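Enquirer: From first to last, the protein sequence lines are chains Z, U and S.
With this note's numbering, you'll find the first sequence wraps up at 756, consecutive numbering, no jumps.
With this note's numbering, you'll find the second sequence wraps up at 642, consecutive numbering, no jumps.
With this note's numbering, you'll find the third sequence wraps up at 411, consecutive numbering, no jumps.
Heads up, a few of these hints could be off.
Stated by the list, open to error - A partial selection of chain S residues facing chain U, derived with a Cβ cut-off under 7 Å:
(1) Val-135
(2) Ile-170
(3) Asp-191
(4) Ile-240
(5) Glu-385
Said to hold, decoys possible - 25 Å max Cα-Cα, derived PhoX-like pairs, lysine-lysine:
(6) Lys-581(U) / Lys-652(Z)
(7) Lys-132(U) / Lys-548(U)
(8) Lys-548(U) / Lys-153(S)
(9) Lys-132(U) / Lys-587(Z)
(10) Lys-652(Z) / Lys-132(U)
(11) Lys-545(U) / Lys-152(S)
(12) Lys-581(U) / Lys-148(S)
(13) Lys-406(Z) / Lys-330(Z)
(14) Lys-382(U) / Lys-181(U)
(15) Lys-500(Z) / Lys-565(Z)
(16) Lys-607(U) / Lys-181(U)
(17) Lys-467(U) / Lys-133(U)
(18) Lys-565(Z) / Lys-617(Z)
(19) Lys-545(U) / Lys-393(S)
(20) Lys-148(S) / Lys-545(U)
(21) Lys-581(U) / Lys-451(Z)
(22) Lys-382(U) / Lys-652(Z)
Derived by calculation from the structure, the hints in this document are not laboratory data.
Remember, it's a predicted structure, so these values are computed and weren't measured experimentally.
Note that the Cβ used here is the ideal one computed from N, Cα and C, for glycine as well.
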Amino acid sequence: MHPVLLIAIPLLVAFIIPLFKKYGPSIALGALALNTGISIALFSVVYSTGTVHEIIAGFAPPIGIFLAVDSLSALLAMIINLFALINFMAIGKASEYKFSMLYLLAVAGSTGIVITGDIFNMFVFFEITAVASYALVASRKDKKSMEGAIKYMILGSLGSIFILIGIALIYSQLKSLNIYDIASRISTMDAKIKWASVAMLLTGIGVEAEIFPLNGWVPDAYQGASGGVASLLSFGPSKAAIYAIARIMLVIFPLQKVYYLVLTIGVITLLIGELAALKQENVKRMLAYSSIGQMGLITIAIAMGMNEKNAILAIFFLMVSHASSKASLFLLSDSSGMGSAATKYTGIVSVLGIVGMPPFAGFWGKWYLLMAAINGNMLWVIVLIFFSGIVEAAYFARYLHRYYGNEESFSRLTKYSMAVLATMSLIFGLLPLIYEMGLKTLFGMGGV
Amino acid sequence: MLDIILAEILVAAIITFFVGRKLAAIIAMAVSILPLIALLDWASLYGFNIIHLGIEKSISIPIAGVSLNLAITPLGWFFALMIIPLFPAIMLFSYSFYKKNDGFYPFMLLALLSSIGIIMAKDMLTFFLFWEMMSWSSFLLVYRSRDKEAVMSYFIFSSLSAFLIFLGILIIYQQNASLLLSSINIESNAYGVVAIISLIAGFAIKSVLMPLHAWAPYVYSKSDEPFVAFLAGGLSKLGYYGMFLILFILAGAKVLETYFTNLSPNYILAVFGALSAFIATLIAFMQDDMRKLLAYSSIGQLGYIAIGFGIGTPLAVSGALFQAFNHAFFKAVLFLAAGAVAYRTGKWKISELGGVGYRMPFTFMATLFAIFTLAAIPITSGFAAKWLLYESAIDAKYIFVAPIMLIAGVGAFLYSFRILYGVFLGENRYPNIKEAPKSMVAAMFILVMPLLIFLIFPGYMLDMMHDALISGNIATLNHNAFVIETSLASYNTIAVIVALMIALIPAILIYKTRKHRVVDFMDNYLAGELPELYDNKISMHAASRFYKPIEEIIGPYFEPGTMSYYMAIYRGLKAISDAVRKIYTGKAGDYAIYVTLFLLIIMGWFIWM
Amino acid sequence: MDVSAIMIKSAVVIAYAFIGTFIGLLFLGVGRKIVARVHNRVGPPFYQGFIDVAKLLSKKTNISHGWIFDLALLFSISGILLAFAFLPVGGIKLLSTDGDAFLVLYLLAIPALGFALGAGASGNPNAGIGVMRALVMMLSYELPFVITMIALMIYYDTTSIARIVELQSVNGISSWAIFIPPFMLAAAVADMALQGMLMEQPFDIPVAPHEIASGPMVEFGGKYLGTLMLYKAISIVVETTLFVDFFLGGGVIMHGGIVANIANFIVWFVLIFIVFTLSLLINTAFPRFRIEQAFTFYWKYEAILATVALIWVYWMVI
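The shape of chain Z in the complex, shown without the other chains (with noise of 0.2 Å):
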């Protein structure tokens, strides 16, 4: 199964959705649960063989265009790809052929972030992506979405400028665009501008990534989007910008000045986001904030995955537990109450799974982030992850207070797609694959 099919698929049927407007949803959705096939395929290919590469075009790399999918791209590229089938049927009938376009768009630009191994490409992909979920906010077309996306605009694209500007730093040193390639010469380059370029391709990404202080567009973005569009949000995109932030900083950065400004940037970002969260009152802001929380601790995990083999597990768990455990709570946000059973199995699963209960993913990713933090010998980072746990803790404790045995007014469809992605966290928490595909080497690290 060729990777590029993978981005492929839903860029072309994306664009021939306008063609057969009535049928758009539904082809959607056919090229969706496709795309999940082959992702699935993809995930098992490299769970037994490792690394998978693929040269599209013919030309060797460094001039041609490269796919690379390791441990970490494999499992996200299933991530995204299944969550969003099951999103998308959750989302039913709010989606027209318009929604489904720009839906497909989102998610193979996310999914290109991830698997390709060529900084431009990731910059193309972040592009296709940052513009759809620009419309995707915009699209409950009431004054909130239109501000969301708004400033979710403004920021992303001065992002893009960044990302930008960093790829063409390093291009104008290395003359390559290779992931692979520019890690293994980066020694070479011009000390200054290296760092200008790391520091523009952080904060590009980080735009993407929510990271504080880059994260202005988020509360206002999640708020206005509805629930399935903030969903897909908190699963795809952001999860891929957290990817390409990895990427670049394990692999093409793996330096110990890079090392801690990420802590750094990952611990505040962590506080920040719990305490904001702590006093909201409007649902879909809270878990705006308490997204912005968890994208602190999965950068924590990234910056320590430089030193420690537990961090990089650390990471995948977190990944998968934050996908799964918000983006059920972005859909339970469109209504304010879970009545029946499912939405309740809903609440309760997503909350022990975001507080990182076990046999929760989250918990594996707490244990092994803490494990890491332990070895390196940090009792501070230790301690404040312990508090906005706490703080995370109460909030948490007083959403499912407001919100539980409330009236709710979801189709069965969407209940009980909300429940298969709750129940994500509890399988991966459960199943030894992201342990497995944690124990394999990322792609390009060396020893770690």
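Got chain Z sorted already, so can you dock chains U and S onto it with the hints?
Expert: Below, chains U and S without anything else, positioned relative to chain Z:
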């Protein structure tokens, strides 16, 4: 076998999610039989040949790529003795307690599963994993109360507890590069001490040691009684299991002693325990809600265990474990009795109850016996436990702990009588209620049984904890089935029982030789004179603010309450949260400035580094 | 221990139980006589206690309120006899080697509990109030009392009353605890606690004659009241003996031989009589405290004095 036990409980948990209430109760009861049999079988490992099936005792479960190691240890076995037997009885009670199956059974089974996991964990990961599972499954049971204070305080305190324990585990892991309990050796340095203290604080939250008890009065008083019986009786012991593990099996007590050469930090645990026992007792008898009273009583009674662990001598630890065992059963009975009373009357407030015991004599009998054990009336097993603890305090010359502990024992009479009189005796306010359903009564009497056994044979209890004590490097006491000898005195149950028999002779003689006539209480002091007052519901029951004179003196000292301090912290956090939220101004321009500033700062960082 | 030894021991205990009951009833009458004399009245004859109990126990009409009410009768007399059996009396150890001070302390609670249950089952709110006062009084006086008791235990490094008595009698009267400075203070504190235990003025609010229809026993009559009187009588002996055992060497002045036993018995009797008379004299001299006043008195002043004694002893021992 252990894996079969865990698997069947898990499967039962899933099945009970879908079936009706009666079937669910029966399934839950049935699956808890196997662990009971296994418990009896494992007893042969520790010198009691009850049955011998040769059920193996060590397994590992693969989960998410790692394996969880479980094994039956002497300490685990002893704690299993006080947790597992509660379960079938509580299920029996719940058989007629619930009107529908709405999530009680599956989570109870999960709580049981995780408790078994905790006490049989062979490594810290397993321990912590099951600890967290226990936390959330019990949280979901608390959640059924839908009471804001209960739900939020339980969730937050559980998280706090989990994080404190996690911190301790992490430090231990760093020092040993291993999580296997058998290979852990806590170093005597600042880190090791932090680990021990944070673990103990984490466990203390679950064991409701003051001042970390603040959640308990809310949770205990708002959740369903069958669950609270399991929470107060069984799950609260898990915290003490952890403390025993850290202090004695992993030799944390020694580490603390070597680190703080000049003062004994264990003393502090004992002082917290004593204050817990004392203050909770005083607060308990001022309560009007039966369940709140029992909650404070639990806090007080569990404080004694902390005292025992704090003193740490063989006498003290034996007493503490004995007290833990007793508390498991009598507190379960008391909460179930509260549930039975509420089932019939629908009331919780003592001032609204009264005279229930005349119509529910069996419930009253079970309660009475449980209260005798709680108040440590000789010859109940409660007395043997408290006696060991008192002896140990004198032996260790803890002049602060000993009087406080003793006066708390006296205070227990006060709140005991509050229940006996306020709920069961006094004015016959519920002349038309029936005795609780048979299954409820049976459940209460089953739980009373173990207390009766150790009433006569306190020595057997010491035999049962023998191996657990040895595994914690604690010597055992000089005893036989009836007599416990210490360096200070001895306690002989047979002498007391025989003397009691003899002393009962004159009493029975007087009672039997003179005939008496039983009359309704209305016949006596009212003498038919104030019927219209009585009909107008003018209370003839001195139950509202029973201890008013003393309440007015000591009440103000407990006025703001511990929870208000925690609430102040919470409000402070919210204020910070509000400030943080202001960072997100909502203006796109500001955000763009943030982005630019961020870029400049990290560039500055790179230049500076 | 073989059967005959057990039989002998039982016989001795039973004999002492009779003697204790007799002395108690005697004290009831004598006490009334003494109080009357202080009040400058003639008072009833010294054997009034016997007459009262005999009359009550022979009543034909006995009113009960069910089985819980009957517990009062069963618990009160058996509990107090049990407590008596575990005290060393005039050098005779009885069963006191099989238990200790904590056991006696808790055995003393059994009659109180039975009494309280009976009063509760009577359904009379006055009885409930009386029990509340009795329990609060108990909580009040127990604090100074247990502190002094702990001081003794720490000093003698034992909790067994028999052993405390033994250690006090090694050098005759001069080694009695009351002659050791901190225990002079402790004895004064314990004596006031004893006042509460005996429910004499100023701490007689639980029974509060003339106030709440005789408090907890308002519904008791006939054999029930008779038993309660018996209980009251024995409890005087038990409580004064407890004090004598703790501070006055249990009245032991000689060792060995039948003469010593008789002498010790006489000394014990004289001592408990003195302690009882002292309590009566205090009784006559003071008005009644309200319950909260009693509580404050015990938990504030008495407890502080007792703590001083305890710390003093601790400092001596360490």
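Enquirer: State for each hint whether it applies.
Expert: Hints versus structure:
1. For the restraint placing Val-135(S) at the interface with chain U, the shortest Cβ-Cβ distance is roughly 32 Å, beyond the 7 Å limit, so the hint is violated.
2. With a least beta-carbon distance of about 5 Å to chain U, the hint placing Ile-170(S) at the interface is held under the 7 Å criterion.
3. For the restraint placing Asp-191(S) at the interface with chain U, the shortest Cβ-Cβ distance is roughly 4 Å, inside the 7 Å limit, so the hint holds.
4. Residue-level restraint check for Ile-240(S) holds (minimum Cβ-Cβ distance to chain U is 5 Å; threshold 7 Å).
5. This hint holds: Glu-385(S) has a C-beta 4 Å from the nearest C-beta of chain U, less than the 7 Å allowed.
6. Note on Lys-581(U) and Lys-652(Z): the hinted pairing is violated, with a Cα-Cα distance of about 45 Å set against a maximum of 25 Å.
7. Distance check on the hinted pair: Lys-132(U) and Lys-548(U) sit about 46 Å apart at the alpha-carbon level, beyond 25 Å; violated.
8. The hinted pair formed by Lys-548(U) and Lys-153(S) meets the criterion: a straight-line CA distance of about 7 Å does not exceed 25 Å.
9. In summary, the hint linking Lys-132(U) to Lys-587(Z) is not supported, as the alpha carbons are separated by about 38 Å, beyond the 25 Å threshold.
10. Distance restraint check for Lys-652(Z) and Lys-132(U): the Cα-Cα separation of roughly 20 Å lies within the 25 Å cut-off, and the hinted pair is therefore satisfied.
11. Under the criterion of a C-alpha separation no larger than 25 Å, the hint pairing Lys-545(U) with Lys-152(S) is consistent with the structure, at around 13 Å.
12. Note on Lys-581(U) and Lys-148(S): the hinted pairing is violated, with a Cα-Cα distance of about 38 Å set against a maximum of 25 Å.
13. For the hint pairing Lys-406(Z) with Lys-330(Z), the CA-to-CA distance comes to about 11 Å; that is within 25 Å, so the pair holds.
14. Using a Cα cut-off of 25 Å, the hinted pair Lys-382(U) and Lys-181(U) holds, with the two alpha carbons roughly 20 Å apart.
15. Straight-line distance between C-alpha atoms of Lys-500(Z) and Lys-565(Z) comes to about 13 Å, which keeps the hinted pair within the 25 Å bound.
16. Distance hint between Lys-607(U) and Lys-181(U) is fulfilled; the C-alpha atoms sit about 17 Å from each other, no more than 25 Å.
17. For the given pair, Lys-467(U) sits about 22 Å from Lys-133(U) by alpha-carbon distance, which is consistent with the 25 Å threshold.
18. Between Lys-565(Z) and Lys-617(Z) the alpha-carbon distance is near 19 Å, which keeps this suggested pair within the 25 Å criterion.
19. With a CA separation close to 46 Å, the supplied pair Lys-545(U) and Lys-393(S) exceeds the 25 Å bound.
20. Our distance criterion of 25 Å between C-alpha atoms is met by Lys-148(S) and Lys-545(U), whose separation comes to about 17 Å.
21. Between Lys-581(U) and Lys-451(Z), the direct Cα distance comes to roughly 61 Å. Violation of the 25 Å bound is thereby established for this hinted pair.
22. For the given pair, Lys-382(U) sits about 32 Å from Lys-652(Z) by alpha-carbon distance, which is inconsistent with the 25 Å threshold.
In this structure, the earlier hints numbered 1, 6, 7, 9, 12, 19, 21, 22 are contradicted, and the remaining ones agree with it.
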